[in-house]
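**Student:** Start from the sequences and build out the full structure, keeping to the hints where you can.
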Amino acid sequence: MSATVATASPDQDRAPAVEELRRELSAAHRREAATAEVLRIISRSAFDLQSVLDSLVASAAHLCDAPMVAIHVQRDAQLPGRARYGYPPEMVEALSKIGQVLDRGSLAGRTIAEGHAVHIPDVEADTEYTFREFTRITGARSMLGVPLLRDGRPVGLLSLYRTRVAPFTPRQIDLMATFADQAVIAIENSRLFAEVQARTQQLQEALEQQTATSEILGVISRSPTDVQPVFQAIAESSVRLCNADYASAARLEGGVMHLLAQYGRTPQRLETARRDFPRPPTGEEIGGRAMLDRTVVHVENMLTDPRFPASQELARGAGYRTALGVPMLRGDVPIGCMVVFRQQAKPFTQAEIGLLRTFADQAVIATENTRLFEEIARKSRELEIASQHKSQFVANMSHELRTPLAAILGYAELIQEGFYGSLPEKSMDALTRIRSNGKHLLGLINTVLDIAKIESGQFTLNIGEYALESVVETVRAATESLAAAKNLALKTEVEKRMPLGLGDEQRLTQVLLNLVGNALKFTDAGEVRIVAIAANGGFAVSVTDTGPGIPAAEQTRIFEQFHQVDSSDTKAKGGTGLGLAIAKQIVEMHGGRIWVESTPGKGSTFQVELPIRAQSQQGAA
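Under this note's numbering, read the sequence shown as residues 1068 to 1688, first letter to last.
Simulated from the structure, these hints should not be mistaken for lab results. None of these values were measured; they are calculated from a predicted model. Hints are not guaranteed to be accurate.
Here are the computed lysine-lysine pairs in the DSS-like style, where the Cα-Cα straight-line distance is at most 30 Å [to be verified]:
1. LYS1446 to LYS1413
2. LYS1669 to LYS1558
3. LYS1553 to LYS1493
4. LYS1588 to LYS1669
5. LYS1446 to LYS1493
6. LYS1588 to LYS1446
7. LYS1588 to LYS1558
8. LYS1588 to LYS1553
9. LYS1669 to LYS1651
10. LYS1493 to LYS1588
11. LYS1446 to LYS1651
12. LYS1651 to LYS1563
13. LYS1493 to LYS1558
14. LYS1553 to LYS1446
Estimated spans, in silico, between C-beta atoms of each pair [as the list claims (entries may be wrong)]:
15. ALA1444 to GLN1264: 49 to 55 Å
16. LEU1259 to VAL1323: 52 to 58 Å
17. LEU1370 to ASP1248: 49 to 55 Å
18. THR1197 to GLN1264: 38 to 44 Å
Yeah, the Cβ is synthetic: ideal placement off N, Cα and C, and Gly gets one too.
**Tutor:** Structural data, given as structure tokens:
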């Protein structure tokens, strides 16, 4: 009987291979789907690191058939847990008690040290592994650790554990390396986002602080004589920008604290706080201690700090916990303080303390501004009273001097005319000098009286119609003898048929007399020319000489009281330095202006512009 040998068909031989291929394709598909899902979560939760890590450990557990998976992110020298899968709460609690071991005796330590994946097929057979407390709690046998690398440096760890001896395959290890890279991407995204958020927050806070500082400076500029609005703005900004619940600002004056502003309480509590002021500063409350010690006082918890019993009582009543007192210092002298409270026991940051220091400095600026304004106002009142007394004295003395001087001049004229009989020729010459000097002195007295009237606001114009041609002719007639005595040409050019002006003819004549008189006095050769025209709806009068001229630096100052050009020639000619000041006042009271154009060595031209019809104006006090 012949034996029959059974042979497998080709289809039967191919069946296991096909099935294996299907399993591999299915596993690959799951891996790709899991990777795509993780990437999708990363893209959709770019700034939610926890969601990404939770998805990673869950996918890793399913794809690698690992009951326990964890991702740890390195912080300083520790690896605190960030995401776990398959860890019961009691296991997490037990592991937290034993802490992390980061030497080569643990999976984490060995993986971080080597910087690449570490696979321990059976921890019981691994002689280097010594972290037996971990395996006792978790029951782990097969382990896989994959480092999270950023720029080649480990920043964390992906760890997988099986409670049976079942080594991980090369494909699973490669897949976990991909997951580790994705975890690093998510961590880096989160870090960058946190940095951007922190920087944005810093910029926002800086902008708010700059805005608040600018607003307070604006209040200072708008309220130079009142510090209360400034202190109120500072109190409100302190509460808003320092995450506080209450702020107050007090000013120290006469050894006593005066409450100027507070913000953040109910109206009833605000009123209660006002009743505690004014009061002297003491070391038993925060604001007083800040001023007495001239330093910032920071109390993290009022209820546990016994140094300030007065403030502690306030804290209990109002529910405050953290407090900050900042002194306001002018140099080293305390002039007030700011106190800020929080209901939460949360210390103030250095940035917040710095901001409150800035606010305190601004409060000092406002206080100093107010003090200086008050001092200036007081000095101004004193100067005004002194000026009035001086002007009254000068006016009285001028009147008292004019009366006897007029009598002297009158008697000298009568004697010279022979009313009391004839006198020798020498006596007549003396009388002539007496009358000349007396008239000069009378002119000086009248000038001083005009200045006194101007300063006291009593200098007024007698408005009436006048002819400018007549004013020029009067001045020419009065000064031609002086011009002839110095052998100078005195010329006038007056436009014909000019309109009648409205103004004070006597005062305008006084102005022109002063200008022509000065020109003749300071000109030793050549001419003096008076030009008068009607132009641009007004009168234009100029007096030009061929004298020494006036330096550019002096051309504005010569119109100031008692100012003369500092030169030997000026001193030799004499004068009080008041004539041009009075002339300027008269011209401006007519609504006009006066100025000089001059080049040293080439003479000067004084220009006067007047409206044809002036309005009556009182002299400035």
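**Student:** Against the earlier hints, flag every one the structure doesn't satisfy and list their numbers going up.
**Tutor:** 1, 5, 6, 13 and 14
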